[in-house]
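Put together the whole structure using the sequences plus the hints.
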Amino acid sequence: MSVAEVPVARAVVRGASRGARVREIIFPASLMLCIAFAMLTLVVLLLDVAVDGLPVLSWNFLTSFPSQVFPERSGIQSALVGTLLLMVVCAVFIVPVGTASAIYLEEYADGNRWWNRLIEVNIQNLAAVPSIVYGILGLAFLVRGPLELGRVVLAGALTLGLLVLPVVIIVGREAIRAVPNSIREGSMALGATLWQTIWKQILPGALPGIATGIILALSRAIGETAPLIVVGAAAFARFNPNDLTSDPFSALPIQILAWIQDPQEEFRTLAAGAILVLLILLLFMNAGAIYLRNRYEQKW
Amino acid sequence: MKPKTWLFLGLAGALALVGAACGGGAGGGGGGDLSGTIQVDGSSTVQPFAQAAAELFQEENPGVRITVGGAGTGDGFERFCRGETEISDASRPIEAEEKDACKKENVQPREVQVANDGIAVVTSKQLQVDCVTTDQLKDLFGPDADAKTLKDVDPKFPATPATLFAPGEESGTFDFFTEEINGEEGAQRTEGVQTSADDNQLVTGVSGSPGGIGYFGFSFFEQNQDKLNVVGVDGGEGCVKPSSETIQNESYKPLSRPIFMYPSEKALQRPEVKEFMNFTIDNAPRIAEASKIVPLTGEQVSESQSSLKGS
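The listed protein sequences correspond, in order, to chains A and B. Each step along the first sequence adds one to the number in the numbering used here, with nothing skipped, and position 263 is 263. Each step along the second sequence adds one to the number in the numbering used here, with nothing skipped, and position 166 is 166.
Just so you know, not all the hints are guaranteed correct.
Said to hold, decoys possible - Not everything, but these chain A residues come out facing chain B in the computed CB check (under 8 Å):
no.	residue
1	A234
2	A235
3	A237
4	A258
5	I260
6	D262
7	P263
If you are wondering where the hints come from, they were derived from the structure by calculation, not from laboratory data. A virtual CB, placed ideally from N, CA and C, is assigned to each residue, including glycine.
Pasting the structure below:
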């Protein structure tokens, strides 16, 4: 269809008035201007951080603990380990729950039933809820309240998990929907049960899409600051958490915030270094997601 | 089946990471006999001090694990009274309501002064103002103030349009300034004042605006002396500029204040908390110097030592 539309559009331009032709040029030009503006802001920001932060980056910076007394010996070990732990625990939570929810909604749920539609609408809405609200939820139900986990890694990771779960479910559903019906029907026709069809045919086909969604969700999770502040991640810790359910923890965004707010100039340079580390981590994760998508994407 | 292999590989890698991280943490022991975890939270003004104290203490007692947060004085007490933290940092004394909330949870705070702090009133370099009275400050920042330039406050001052900067409402500095200058905690003009929770932004704002005038913690002025013009404050007994000395002896009135750490009585029963607090007070001047905060005087140190021993 789109192939046919293009020549028609060109024909209209050829026959159009001068004013219309000028507008035809102005419109894409203004679009380009918008992109240029967005990119320029990004480049300026990145350069600014890189100029401040690059001199700080070293192996020592990654492996030392933060220091108030000797800023020059300060590092981000506890924050980096905290962030990695959060990511892993969060993944352990969202991978099964998110995938299972997506399978249920796509393969089992009857979309005509009101409760299934209610769940669908709610998941869409939850994806747009501000992260601080999840932080308050985590504080009230996980750190305090019914679960009383305390200010520990597990509470932080579950809060971040709840925050990104809607995205995982939505992306997962799309990946499952992209598996053509002929595969389902073929499998069932050969006598496979619905469970066998899902496990042997649909899931393997949808896996690259689901994995991409999970990685993108995780990279959003580790960049979040507000929910971690509310849940009570520490700004300063000279040790790594040994135990997910009893030790307090720190995380990169919290460390960055604490350093930015310190009166001493040296700490802002350290903050720039920590920002770079977080950026590089995110870049690798997103690159991984893109690689997965391109490498394993199924052409049906 | 290739994607599935990948998933397993990924999971295995993730588990290995957890193992490595946990193993790495468990290695650091030895040294002092004390052990345990101490959570400190509260005022962001006290935060650098508490961090330096934690760092120096842990050098001698590597078995003790201390975290420090900067949630703010009020939020700090909220967590403290629920028993979530052992020690609460505060840039003002605990309020009666907060004490009641603590009592309900059977948490008893012990007040220990750890350092001094002052609020500096500053202007941009272009705006050379030497001294203001507390009444003039109220005419600038008070809830009923409508001054557009400094000249509206005192004919001697320049007529440059004033740009006002102040810390956000969640800050103890804001509470203290409004209480002392405007006469009522939390009362400040809303129109024409730019607020920020990040004091470094206030520094940038004041120094970058020709008519910039604002107030924030003394250490933020001290670290940016070259960019700012500090204003003396006249509280009725002549004009005094903030400095370590005038803040320590409280001649810089009324904007000098003590800052505190509140351990709970229950936590003080634990040897590592008791030792940490003793260490902090015994070394308070050294810790204050390392964290660029106005230290306790010798007399104040012995006062804090006895309030730690007391009862």
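Minimum Cβ distance from A:P263 to chain B below 8 Å? holds (4 Å)
Is the shortest C-beta separation between A:A234 and chain B less than 8 Å? holds (3 Å)
How about A:A235: closest beta carbon in chain B under 8 Å, or not? holds (5 Å)
Any CB of chain B closer than 8 Å to the CB of A:A258? holds (6 Å)
Against chain B, run the beta carbon of A:I260 and see if the smallest gap drops under 8 Å. holds (7 Å)
Hold the hint about A:D262 up to the distance rule: shortest CB distance to chain B must be less than 8 Å. holds (6 Å)
Does A:A237 meet its interface restraint, that is, does its C-beta lie within less than 8 Å of any C-beta in chain B? Check passed: Cβ of A:A237 comes within 5 Å of chain B, closer than 8 Å.
Of the numbered hints listed earlier, not one is contradicted by the structure.
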